[in-house]
Amino acid sequence: MNHKGNKKFGRKVLVEEMILDWNLEAAKILANLIVMGGGILARAVVQAYRQALTNASKNGVAQETIQNTIRRASKAMTEQEARQILGVTEEAPWEEIVKKYDRLFENNAKNGSFYLQSKVHRAKECLEAIHQGKNPGTPS
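Taking the numbering used here, the leading residue of the sequence shown gets 1, the next gets one more, and so forth.
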């Protein structure tokens, strides 16, 4: 009886080893499929991007986008927008404009908003040009 039990135990170990070997092989195959699939997907994305760039340049979309960007960047700030940003009226004296500018610029420097600082600075520049145009020779 003891001998028979060992034989049964031996078969069980053999079956477990076969299952383990099969699982390892399946894992290797799955890993290879994932790696190959990832490579194929990456190549397809790169190829599609290149094709999109080629199509865009043929259609003039790239040039149009560049022109629109240049137009938006070169668009000057209006006096009304500058006054809204600084929170001043048309009757505000230059000293009030400078005080508002200093306060807003400093507040945005503390909070780290470079974008808002830039807007405040552009608003001051716009109003400064208008002020100097109305009062030539006046230092700012």
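Hints are computed from structural coordinates only; laboratory data are not their basis. For clarity, every value in this text was computed on a predicted model and none was experimentally measured. Heads up, the beta-carbon is just placed ideally off N, CA and C, and yes, glycines get one too. It cannot be assumed that every hint is accurate.
Unchecked claim - Calculated lysine-lysine pairs in the BS3-like style (CA-CA distance at most 27 Å, straight line):
#, residue 1, residue 2
1, 99, 134
2, 134, 119
3, 58, 28
4, 99, 110
5, 110, 134
6, 58, 100
7, 100, 110
8, 119, 99
Stated by the list, open to error - Just the calculated beta-carbon pair ranges, DEER-fashion:
#, residue 1, residue 2, range
9, 80, 44, 27 to 37 Å
10, 53, 27, 36 to 46 Å
11, 44, 20, 28 to 38 Å
12, 110, 47, 21 to 31 Å
13, 30, 122, 52 to 62 Å
14, 76, 38, 46 to 56 Å
15, 50, 135, 17 to 27 Å
16, 118, 93, 48 to 58 Å
17, 115, 42, 12 to 22 Å
18, 53, 17, 32 to 42 Å
19, 95, 48, 50 to 60 Å
20, 115, 41, 46 to 56 Å
Checked hints:
1. 99 <-> 134: Satisfied, since the Cα-Cα distance of roughly 20 Å is no more than 27 Å.
2. 134 <-> 119: holds (23 Å)
3. 58 <-> 28: Cα-Cα ~45 Å, so violated.
4. 99 <-> 110: Between residue 99 and residue 110 the Cα gap is close to 17 Å, so the pair holds against 27 Å.
5. 110 <-> 134: violated (34 Å)
6. 58 <-> 100: violated (50 Å)
7. 100 <-> 110: holds (16 Å)
8. 119 <-> 99: Answer holds: residue 119 to residue 99 is near 16 Å, not above 27 Å.
9. 80 <-> 44: 27 to 37 Å: For residue 44 against residue 80, whose Cβ atoms are near 50 Å apart, the range 27 to 37 Å is violated.
10. 53 <-> 27: 36 to 46 Å: holds (39 Å)
11. 44 <-> 20: 28 to 38 Å: holds (36 Å)
12. 110 <-> 47: 21 to 31 Å: Distance hint for residue 110, residue 47 is violated at roughly 48 Å.
13. 30 <-> 122: 52 to 62 Å: holds (57 Å)
14. 76 <-> 38: 46 to 56 Å: holds (49 Å)
15. 50 <-> 135: 17 to 27 Å: violated (57 Å)
16. 118 <-> 93: 48 to 58 Å: Since the Cβ atoms of residue 118 and residue 93 sit about 25 Å apart, the hinted range of 48 to 58 Å is violated.
17. 115 <-> 42: 12 to 22 Å: For residue 42 against residue 115, whose Cβ atoms are near 35 Å apart, the range 12 to 22 Å is violated.
18. 53 <-> 17: 32 to 42 Å: violated (54 Å)
19. 95 <-> 48: 50 to 60 Å: holds (59 Å)
20. 115 <-> 41: 46 to 56 Å: violated (37 Å)
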